[in-house]
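Using the numbering used here, the first residue of the sequence shown is number 7, and each one after it goes up by one.
If you're looking for bench data, these hints aren't it; they were derived computationally from the structure.
Just to be clear, a hint being listed does not mean it is correct.
[What the hints assert, rightly or not] SDA-like cross-link-like pairs, simulated, lysine to any residue; straight-line CA separation at most 25 Å:
| no. | residue 1 | residue 2 |
| --- | --- | --- |
| 1 | Lys137 | Glu167 |
| 2 | Lys43 | Asn15 |
| 3 | Lys136 | Lys105 |
| 4 | Lys145 | Glu133 |
| 5 | Lys154 | Glu166 |
| 6 | Lys145 | Ala155 |
| 7 | Lys105 | Phe90 |
| 8 | Lys43 | Ser80 |
| 9 | Lys43 | Ala26 |
| 10 | Lys145 | Leu162 |
| 11 | Lys154 | Arg140 |
| 12 | Lys154 | Arg168 |
| 13 | Lys105 | Arg89 |
| 14 | Lys145 | Ile134 |
| 15 | Lys105 | Ser80 |
| 16 | Lys42 | Glu10 |
| 17 | Lys136 | Arg109 |
| 18 | Lys37 | Gly27 |
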Amino acid sequence: MLCEECHENEAEVLITEVDAGGNLAERHLCKACASKKGYLLEKHKPLSQMFIELLKELGEGEDEELRCSACGMSWAEFRRLGRFGCEGCYQEFGNHVEKLISRIQGTTQHTGREAAGDQKTSPVFVEIEKKRLRQQLIKAIQQEEYEKAARIRDDLKKYEERTEGP
Numbered sequence: 007m008l009c010e011e012c013h014e015n016e017a018e019v020l021i022t023e024v025d026a027g028g029n030l031a032e033r034h035l036c037k038a039c040a041s042k043k044g045y046l047l048e049k050h051k052p053l054s055q056m057f058i059e060l061l062k063e064l065g066e067g068e069d070e071e072l073r074c075s076a077c078g079m080s081w082a083e084f085r086r087l088g089r090f091g092c093e094g095c096y097q098e099f100g101n102h103v104e105k106l107i108s109r110i111q112g113t114t115q116h117t118g119r120e121a122a123g124d125q126k127t128s129p130v131f132v133e134i135e136k137k138r139l140r141q142q143l144i145k146a147i148q149q150e151e152y153e154k155a156a157r158i159r160d161d162l163k164k165y166e167e168r169t170e171g172p
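Could you put together the complete structure from these sequences and hints?
Below, the structure written as structure tokens:
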């Protein structure tokens, strides 16, 4: 397959892009065109440098006057430095950073691994476990296994109490 950009070289790189609506678009490029477009990473380029470059690219056209009310850091300074000045920056720049994370990862919902000790208490685990227990409860009731259904109901109640809080 030929490169979709130059139509000369063999396509060796597959780029999959996700738009804001979640639609996928694939592009087949040669290494030269992929490199020109910034899709290929330079060897040994620090992740922090890539983050800063992406911040600069994302920030083009953004409100340069946006500032943290706590420390005074501007959005432009954050893009240049690649780190916040204080905890207030998380609130002030949250929407802008959410766009950045969405662009990097394709979503703002974490779906990767959990920290080793926190798996059973993480909100993600609890929600998955509640869903699994609800399905088991329905199945037990359909099969008229009422004692099993009662145990599952009790387990489900424990997980629901965790998410409701004190």
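Consistency of the hints with the structure:
1. Lys137 <-> Glu167: holds, 14 Å
2. Lys43 <-> Asn15: holds, 15 Å
3. Lys136 <-> Lys105: violated, 30 Å
4. Lys145 <-> Glu133: holds, 19 Å
5. Lys154 <-> Glu166: Holds: Lys154 and Glu166 sit about 18 Å apart, inside 25 Å.
6. Lys145 <-> Ala155: holds, 8 Å
7. Lys105 <-> Phe90: holds, 16 Å
8. Lys43 <-> Ser80: violated, 29 Å
9. Lys43 <-> Ala26: holds, 20 Å
10. Lys145 <-> Leu162: Since the Cα atoms of Lys145 and Leu162 sit roughly 14 Å apart, the hinted pair holds (cutoff 25 Å).
11. Lys154 <-> Arg140: The given pair, whose Cα atoms are some 12 Å apart, holds under the 25 Å limit.
12. Lys154 <-> Arg168: holds, 22 Å
13. Lys105 <-> Arg89: Answer holds: Lys105 to Arg89 is near 16 Å, not above 25 Å.
14. Lys145 <-> Ile134: Given pair Lys145, Ile134 holds - Cα atoms ~17 Å apart, limit 25 Å.
15. Lys105 <-> Ser80: Holds, because 17 Å separates the two Cα atoms, which is no more than 25 Å.
16. Lys42 <-> Glu10: holds, 13 Å
17. Lys136 <-> Arg109: This hinted pair is violated, its Cα atoms lying about 30 Å apart.
18. Lys37 <-> Gly27: Distance of about 28 Å is beyond 25 Å: violated.
The earlier numbered hints that this structure contradicts are 3, 8, 17 and 18.
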